[in-house]
Every structure is written in C-alpha cells, then in structure tokens.
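If you're matching them up, the sequences are chains A, B and C in order.
Letter 236 of the first sequence, counting from 1, is numbered 236 in the numbering used here, and no numbers are missing.
Letter 296 of the second sequence, counting from 1, is numbered 296 in the numbering used here, and no numbers are missing.
Letter 201 of the third sequence, counting from 1, is numbered 201 in the numbering used here, and no numbers are missing.
Simulated from the structure, these hints should not be mistaken for lab results.
Cβ coordinates follow ideal geometry from the N, Cα and C atoms, glycine included.
Certain hints may be false.
Stated by the list, open to error - Subject to a maximum C-alpha distance of 30 angstroms in a straight line, what follows is the list of computed BS3-like cross-link-like pairs (lysine-lysine): (1) B/LYS208 to A/LYS258; (2) B/LYS302 to A/LYS250; (3) B/LYS64 to B/LYS100; (4) B/LYS310 to A/LYS250; (5) B/LYS137 to A/LYS250; (6) B/LYS302 to A/LYS234; (7) B/LYS13 to B/LYS275; (8) B/LYS64 to B/LYS210.
Claimed, not checked - Pulled a few chain C residues facing chain A out of the computed Cβ check, cut under 7 angstroms: (9) PHE114; (10) VAL137; (11) SER139; (12) ALA221; (13) VAL223; (14) ILE244; (15) TRP271; (16) ALA285; (17) LEU286.
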Amino acid sequence: MRRILRYVAGRLVLTIPMIFVLLSLVFLVLRVMPGDPVSAMLGEHAPAAYLQEKKHALGLDKPIGAQYLDYLGQILRGDLGRSMIFEEPVAQPIFEKLPATLELALFSLALCLAIGIPLGVRAARRRRTGHDFGIRLYANVVYCIPVFWMGLMLQMVFGVFLGVFPIAGRTGSRIIVSDFDTTGLYVIDTIIHGDIAALGDVLFHLALPAVTLGVTLSGIFVRLTRANMLDVLKSDFVLASRARGVPEGKVVYGHALKNALIPIVTMLGLQFSALLAGAILTETTFSWPGMGRLLLERIYLRDYPVVQGVIIVYALLVTVVSLIVDLLYAVIDPRVKL
Amino acid sequence: MAETERETILDIKDLSIAYPISIGTVRAVEGVSLPVYKGEVLGLVGESGCGKSTLGLSVLQLMKPPGRITGGSILYKGRSGESRDILAMDQKELLDLRGKNIAMIFQNPLTSLDPLVSVEDHFVEAIQVHENEVKRKDAVARAEAILGDLGIESRRLAEYPYQLSGGMRQRIMIGLALILHPDLLLADEPTTALDVIVEAGFTELLMKLKRQYDLSVVLISHNLGLVAEMADRIAVMYGGRIAELASVDDIFDRPLHPYTKGLMDCVPNILLDQKELTAMPGSPPDLVNPDPCCPFAPRCPKVMGICRSKTPRLVDYGGRSAACWLYERKD
Amino acid sequence: MNENKNEARADRARFSPASGLAKALGAFSEAARKYRVEWWILVAGIVVVGLIVFMTVFPGIFTRFDPNDQSAGPQLGAPSFAHFLGTDNLGRDVGARMVYGARTILGVAIAASFLSALIGIPLGLISGFAGNWLDKVLSLVMDSVYSFPGLILAIAFAAMLGPGVINITLAVSVVYIPTYFRLVRGQTLQIKEELYVEAARAIGARKSVILAKYVFPNVIATVVVVFSLNIADAIMTEAALSYIGLGLPAGIPDWGMDLSMGKKFLPSGVWWMITYPGLMIMLLALGFTMLGEGLSEILNPRLQEY
Numbered sequence: 001m002r003r004i005l006r007y008v009a010g011r012l013v014l015t016i017p018m019i020f021v022l023l024s025l026v027f028l029v030l031r032v033m034p035g036d037p038v039s040a041m042l043g044e045h046a047p048a049a050y051l052q053e054k055k056h057a058l059g060l061d062k063p064i065g066a067q068y069l070d071y072l073g074q075i076l077r078g079d080l081g082r083s084m085i086f087e088e089p090v091a092q093p094i095f096e097k098l099p100a101t102l103e104l105a106l107f108s109l110a111l112c113l114a115i116g117i118p119l120g121v122r123a124a125r126r127r128r129t130g131h132d133f134g135i136r137l138y139a140n141v142v143y144c145i146p147v148f149w150m151g152l153m154l155q156m157v158f159g160v161f162l163g164v165f166p167i168a169g170r171t172g173s174r175i176i177v178s179d180f181d182t183t184g185l186y187v188i189d190t191i192i193h194g195d196i197a198a199l200g201d202v203l204f205h206l207a208l209p210a211v212t213l214g215v216t217l218s219g220i221f222v223r224l225t226r227a228n229m230l231d232v233l234k235s236d237f238v239l240a241s242r243a244r245g246v247p248e249g250k251v252v253y254g255h256a257l258k259n260a261l262i263p264i265v266t267m268l269g270l271q272f273s274a275l276l277a278g279a280i281l282t283e284t285t286f287s288w289p290g291m292g293r294l295l296l297e298r299i300y301l302r303d304y305p306v307v308q309g310v311i312i313v314y315a316l317l318v319t320v321v322s323l324i325v326d327l328l329y330a331v332i333d334p335r336v337k338l
Numbered sequence: 001m002a003e004t005e006r007e008t009i010l011d012i013k014d015l016s017i018a019y020p021i022s023i024g025t026v027r028a029v030e031g032v033s034l035p036v037y038k039g040e041v042l043g044l045v046g047e048s049g050c051g052k053s054t055l056g057l058s059v060l061q062l063m064k065p066p067g068r069i070t071g072g073s074i075l076y077k078g079r080s081g082e083s084r085d086i087l088a089m090d091q092k093e094l095l096d097l098r099g100k101n102i103a104m105i106f107q108n109p110l111t112s113l114d115p116l117v118s119v120e121d122h123f124v125e126a127i128q129v130h131e132n133e134v135k136r137k138d139a140v141a142r143a144e145a146i147l148g149d150l151g152i153e154s155r156r157l158a159e160y161p162y163q164l165s166g167g168m169r170q171r172i173m174i175g176l177a178l179i180l181h182p183d184l185l186l187a188d189e190p191t192t193a194l195d196v197i198v199e200a201g202f203t204e205l206l207m208k209l210k211r212q213y214d215l216s217v218v219l220i221s222h223n224l225g226l227v228a229e230m231a232d233r234i235a236v237m238y239g240g241r242i243a244e245l246a247s248v249d250d251i252f253d254r255p256l257h258p259y260t261k262g263l264m265d266c267v268p269n270i271l272l273d274q275k276e277l278t279a280m281p282g283s284p285p286d287l288v289n290p291d292p293c294c295p296f297a298p299r300c301p302k303v304m305g306i307c308r309s310k311t312p313r314l315v316d317y318g319g320r321s322a323a324c325w326l327y328e329r330k331d
Numbered sequence: 001m002n003e004n005k006n007e008a009r010a011d012r013a014r015f016s017p018a019s020g021l022a023k024a025l026g027a028f029s030e031a032a033r034k035y036r037v038e039w040w041i042l043v044a045g046i047v048v049v050g051l052i053v054f055m056t057v058f059p060g061i062f063t064r065f066d067p068n069d070q071s072a073g074p075q076l077g078a079p080s081f082a083h084f085l086g087t088d089n090l091g092r093d094v095g096a097r098m099v100y101g102a103r104t105i106l107g108v109a110i111a112a113s114f115l116s117a118l119i120g121i122p123l124g125l126i127s128g129f130a131g132n133w134l135d136k137v138l139s140l141v142m143d144s145v146y147s148f149p150g151l152i153l154a155i156a157f158a159a160m161l162g163p164g165v166i167n168i169t170l171a172v173s174v175v176y177i178p179t180y181f182r183l184v185r186g187q188t189l190q191i192k193e194e195l196y197v198e199a200a201r202a203i204g205a206r207k208s209v210i211l212a213k214y215v216f217p218n219v220i221a222t223v224v225v226v227f228s229l230n231i232a233d234a235i236m237t238e239a240a241l242s243y244i245g246l247g248l249p250a251g252i253p254d255w256g257m258d259l260s261m262g263k264k265f266l267p268s269g270v271w272w273m274i275t276y277p278g279l280m281i282m283l284l285a286l287g288f289t290m291l292g293e294g295l296s297e298i299l300n301p302r303l304q305e306y
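Using the sequences and the hints given, assemble the complete structure.
Here it is in structure tokens:
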C-alpha cells in the first residue's frame, strides 16, 4: 500500500509543473492578449468610468505581475471568482454542468473503445485482406468527419426523418430530473432510484450524442489497436504459445491483445482531451447542458470570469485524467516499478 | 557396427517450402528428405538463410505467412504407433500435436514469455489447453515438480518474466516444452542468445532431460561446437537443401561435401598454430526463383561443369548421404 | 588532378536536382509496383486535393452564382435543376457557397499550418540539439499545451482576438505548434546520436552547419507528411470555430458557418443546408489525409510487412 502511495505522490509531483504551465497559459491567453478582457467584451464605446470600475472590480488595473500572483493565489485557495453577469460564484454553474459533460464523455469513450478495439484486432488478424483495408478505410474516413456534422446527420436521419431518437437535451419534458438527481450522472442516478422509465428516457437522449462522439473518435483507436496488434503478433512469445498448442483465439485475445492494449492505455489521456474538445461541439449540436455549452454561452455573454473558470477546470480535468491513466498503467503492467 | 533398422519418430519426405513475395518466389526449402530416429539428437546446421529454421517451424506448421508448403510430407510416428502425415492434419489435430507430442523451443528467451503472465500461469495454461479437466492446484504441483528438474526454486512460480535472468527464462522454456512429456523436441538456436557459461549449463540440462524424459531432439544451430557436443547425427543444409547427412564423427573427421569441408576449415583449431582465420569466399545464394544447379556451385572450390546445370540429389553412400556431383554417378 | 575534377563532377551530377527528380520518379513507380494500395491512396489524395485547389482558383467553372447573392434563388429551395444543391434561408445558392467556401477554409488551414511549422520546427531543432535546460523547459511547455484539448485553446484565442481571417489563422496555428515541435525535436534527438553527426563534430563542423546540412534534410521528409496531415486537422479546427460562431464575419462564405445556420432549419426538414457543407469539409480533410498517408508510405516505407 505504501508503495502505491509513493508512486502516486511521485506522479503528482511530476504533474505540478504541467498544471502550472497550463494555468499560466490560460492567464496569458486571457489577460495578456491585445486589449484587456473588459474592453474586448464590453466594447470600447462604453463610458470610460464604467470600464474603469469593471476593471478595478476584476483587479485588471494592477500591474501584470501582481495580477498573476493574485490569480495563482486565488486558484490555490480554490476560489474561481464571481460571475460578471449573474449573481453567482463562478464555480456554481461549472459544477452544475460538469456531470453532464462527464457522462457524455464517458459513454462516448466506452462506445469508442467498444468499436475501435475489436475492429483493430480484426484488421490485424486479417492483414492486407479486404477486411483490413475496409476497416482502415473506415478509420480514416471517420476521423475526417467533423463531429458536429456527424451529429447533424444523425439528427437528420434518426431524429427528423425517422423520429426514433430525441435530438436535444438530456431528458424529455415529462421527466422530472429533481426526482433522481444525486450525482448528476443521470444514468447512475436513475438506476440508484430504480426509476426505469427515466433511465430509458435518459439513455435515449444519450444515444445520438454518444454515438456521434464515440464513432468519430473510434478511428484513432482502430489504427492504434491494429498497429499494436501487428507488432505484438510478431513477438516470440506469441509464436511460443502457438507452439505449445494454445488455440488461436486465446493467443490473440488472451496474450496478444493484453500486451497490445498497454500502449493504448497510455494514449487514453490524450484521447480524453480530444473527447472533451469534441464534447463541446456535440453539446452545441444537441443542446446538451454541459461545460462546453456553458463556455460558449459565457463567451457570447462576455462573462469573462466564468470563461476563465471553465478553461481552468478543463485543464485540471486533463491533468487528473492523465494521472489516473498513469496509475492504471502501473496496475496492468507488472514491469512498472511500483 | 551393423546398421540396424532404427525406428524413425519423424520422417520428412521431399519437403518443399516457398514464400511468394512481390519480386518472385523464395524457395526456402527444396526437396528435403530427412528421417529423425527415436532417441537420437539430430543436429541441423547451416548458415543464416539456409532454411533450417523454416524447416523446423514447418514441422509444427508454424511458418510465418506467406510461407507455404509446396510439396512433400512430414510423417510423425508417435507413441500410439501409427504414422500420420502432419501436413494432412486438420486444425484440431495440429493443436493437439503441438506441445503434447512435439514441442519446440526458440532462440530468444528474453522475449519468448508473455511479460504480463506469471511463470505459474504459463505452466497452468500449457497443461490446461491439452488436459482441460486438470485442476489448477494439480497443474501447479506438476509445474513445481518440473522446476525441480530444471534447477529452479519453486518460489519463482509467482514471479513475472522480467524478474528472471535469460538463462532462467530459457530453462522455463524447456520446462514448458516438456511439461506434457512429448516424444520430440525441436530446439531452434536455443543457446544463441546465451553467454557461454549459461550455454554450458543449458547443454548439460538438455542432455539430462533428454535421458530422463526419453526424448528425441532436433537441434537447429549454426554453432558447430554445440552440435559437436550434443548431436549423434548431423544434417548440413545449404541453399534450402540438405548438402550432407552423416554421423557426427563422419561429419567432423571425414566430411564429403565441399561445403561441409569448408565449414570444418572455418572453425579455428586451438591446437594448431593458426595465424589467419579461414573463410569461404562468396555469400549465400539468392533463393528467389533459383536456377537448376547445385546451390553451392558459385563458391565451391571443386566445382565442375555439371554442377552449374543440374542439381545433385542426396544419395546414400552406406549409412551416410551427400548431395554432390563429386560422388554421384552422372547418369 | 583531372580525375578529381571528373569525380567531383560526377558527385555533383549524382546529387543534382535533375538526378533527384529522376530518382524520385523512379522511386515513385517502384513504389507503385510494390505498394499497390498505398499508391492508390496517394493518387486519390492528389486528385481530391488537386480538384479542390482547382476549384478555388477557377470557381467560375463550377458555378455561375455569387455565393453572397441573396436573390440567386428562392429561400430554402430544395435541390433542383436550377440549383443543384439547393438554396439557403437567405436565397443564396448552396452550390456556390460550397465552391467559394473552399478558398476560405483552405486558405486559413494552409496559412495556419505554415505558421505553426514556422514557429514549431526551429524551436524543435534548437531544443533537440541543445538538450540542456532550454530543452527541458521548452519540452515541458510544449507537452503541456499538446495534452490540452486543442480546440479549447483555439476557442480561447479566437474569443480574445475577435473575429477576422487573420485572427482565426492565429488561433488555429497556436494549436499545432507543439505538434511540429515534438516531431522535429524527436527526430533531431535521434539524428544527433547518429554516427555521421559524431563524425562531423569530430572534424570541427560548427553546430549551425551540422543542423543545416545533416539534421534538417533528414527531418524534412517526415515534416512534409505531417504538414499534409496537419492541414487536414486545421481544416477541421477552422470549421469547428466557424460552427460555434467564433470564426469569420458574415460576408465571407464559410462551410462551418453554413452548417450552424442550416442547423436551425433542420427540424423543418431542410436537409440540404447541412449535408453539403459537412460533406465538403470531410472530403477536403480526407484528401489531405490520404495525401499525407500515401506520402508517408512511399517516403518512409515500413519494413516489408507480409
């Protein structure tokens, strides 16, 4: 147990510089760019006194160095500031919408892996056959499909023309969310509360967005899995297993795939970033009430503190996931020195 | 010594293996006939690319695609007594054969074990794929027993391959190969990746296990010293064909084929006062779409006209064979 | 003395551009023979990209409408003989907007990729070659940015900079600087260890000379491939930015923006406003992807896999 804690602590220490860089980057983009945020958002034609007042309220009239320290200090205290438009702390809308994005991201990831990995394995096993080329074609094409277009097409076919799936929101109008809302992850919540009707509704609403995001990103996993499998299938231990009479199925799934998945796990962190990015576009298309839509809304509303807060939370999310992936990697590969 | 009718455990007859690639067909093995007698150690020697590894892999049909067997048969006569052609077996019979009747060990111990699987699980799998009614406890007990024969402590069972040395891993390979008591062991360059001291230990272990488990062994190697120590008979391969096949003494003391002679000359003799190393001029033949001729002709010091136009056959000369126009009657 | 001169001449001939071209063509046709499928992918990529580039240069061949003309046809007209791809809610011909929109997206994507390369490649070379604290700091920064969702970065930049072609180009280019940095740094590190670089150093060649003569040419091949793939990515990012409204002002035809406009009319069954812009984005991105993949196989062929 202690060794695991030491490993975690070690990884955490390495993560700190990264968070630091990201937070600084956010600061750089949002405050050092041409024009201060207040003028950029309120427009230069606003009365000077008003601009001054707003700037002072946000501490934007202090020298840049002082602003930077204030900024870091605030974040370390866990204070993300207050919204400039609404009477609420920045953290409030963010943590309200975070579960929606997480739920979408997790389901999409699951779908992504469920499609990508088996296809990748099949392509590797039938290398240079029609199966292989077809699957690689799928992977390349799918990667080039804009997420939002995929979403719109699915909406068109399954929502408008066929009318099978809903095309907006997380729940239908007849579902009362407050009945089951505990964690914010509706699938889990409805199961906990045993509300099957609500579960069905939630899943139906999740279907198109998750498929959109999951399918579009599956291409990457197909290619990764295929490449890794091809490598592993050439290994000596695969040949040795076959020589002992281990049936091909067990060789491929029991030995080869497990080894091939390790590099994929290390890629999960990066893929999660892609997932978050894609989620913004998916949320816009499907009116999904998540962090991505919040970000865009507040950009339009010129609510700069919330915009900054959302981006900071994104940075923290990415770092946390990266840490989790590192831990996962240590768990599945016995060679990693704990 | 009279040549008694020895029992063959494996009889390779006129086997040919080819690899069709974009620029032509590589004839890796061409018309090879080779009997393996019960209880012997048969050494299969040759340079890299002569086809010995391909030949070894073909016995268990483990050749890498696009390698294909284009002719011949491999007859296996196991304990049950009847002869079966391995090349005619279906997938189920083949899976049964591998590991249980014929086992194979390979060159690189560092990469021959699944890094994510413990030693114990390797053994349990090896047993259970053939005897799936065996309980895990019993399988582990059998693994422990064979580890004893191998000179490895049983605490190693719980460990993962990365925790073991190369020599230990190679011994585990043998253990996995012999756990089901096969009749025939194919060893493809088993000591090439080991240093000499470990190699010596390995050789000793293999001979001990051979006696203990009543094995027949085909030892594929380019290391003449190793083969000299362990083999009873030696088959010399060149250009995908058998150049010479004889007892170990005949090969080393009275080689017939010019290639064999050349090989013997290449090995430096510690007792002689040699100033320079001898080497054979030229390089191994290109096996893509080869012409009908002796594959060694371009490099042979005793080459004749017929060598370049007709391929010599492997002819028996009283208990030993050679494929060379020097000895074969040209009719 | 004459021998040396002839030798030198032969050397120069061997490395001249003409022989280089001949070699490239030779490699090309040999590759065509050996890598059946990959060659066709390259060809497909060249055709698609070529066609679309042609379309940006000679739009008149493909459409006779003005993309901003609101009286070109009826509003929300379904595809017909008069308007092959239909008309949008402002009466503009969709086909024309597809044709002219190519310029916008292609221009931004190529310019952004170029800018990213311009910044990322030298930084990568220096960082990889220097290898000291500079390398560590730069790598940390680049890795952090690389792991951050690119689109969010682009959104942040676009939001702060405001609309406009140049601003969008800047926003998109920032996302890809780490890509080039990492690629070039990795290659530089590898090449640094190669023996011929050691030899050059041993005879006292200056660092800048080593960089220019040995490292750079070897890196170029991979960079070309990544450049093509990068353009595909940049296309998607630009389209995304326009889709969420952070892109270009209304007067410029843009596929992403058309998609976001068309979205509003989808529930009433207007399918042509969203189908075609997305299709175009996909085709263009696919074209550059195939170009990059095809080039990759031919320039750096993987060891013969059977």
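Results for each hint:
no.: 1; hint: B/LYS208 to A/LYS258; verdict: violated, 36 angstroms
no.: 2; hint: B/LYS302 to A/LYS250; verdict: violated, 53 angstroms
no.: 3; hint: B/LYS64 to B/LYS100; verdict: holds, 22 angstroms
no.: 4; hint: B/LYS310 to A/LYS250; verdict: violated, 48 angstroms
no.: 5; hint: B/LYS137 to A/LYS250; verdict: holds, 21 angstroms
no.: 6; hint: B/LYS302 to A/LYS234; verdict: violated, 42 angstroms
no.: 7; hint: B/LYS13 to B/LYS275; verdict: violated, 44 angstroms
no.: 8; hint: B/LYS64 to B/LYS210; verdict: holds, 29 angstroms
no.: 9; hint: PHE114; verdict: violated, 21 angstroms
no.: 10; hint: VAL137; verdict: violated, 10 angstroms
no.: 11; hint: SER139; verdict: violated, 11 angstroms
no.: 12; hint: ALA221; verdict: violated, 20 angstroms
no.: 13; hint: VAL223; verdict: violated, 21 angstroms
no.: 14; hint: ILE244; verdict: holds, 6 angstroms
no.: 15; hint: TRP271; verdict: holds, 6 angstroms
no.: 16; hint: ALA285; verdict: holds, 4 angstroms
no.: 17; hint: LEU286; verdict: holds, 4 angstroms
Checked against the numbered hints above, the structure violates hints 1, 2, 4, 6, 7, 9, 10, 11, 12, 13; every other hint is satisfied.
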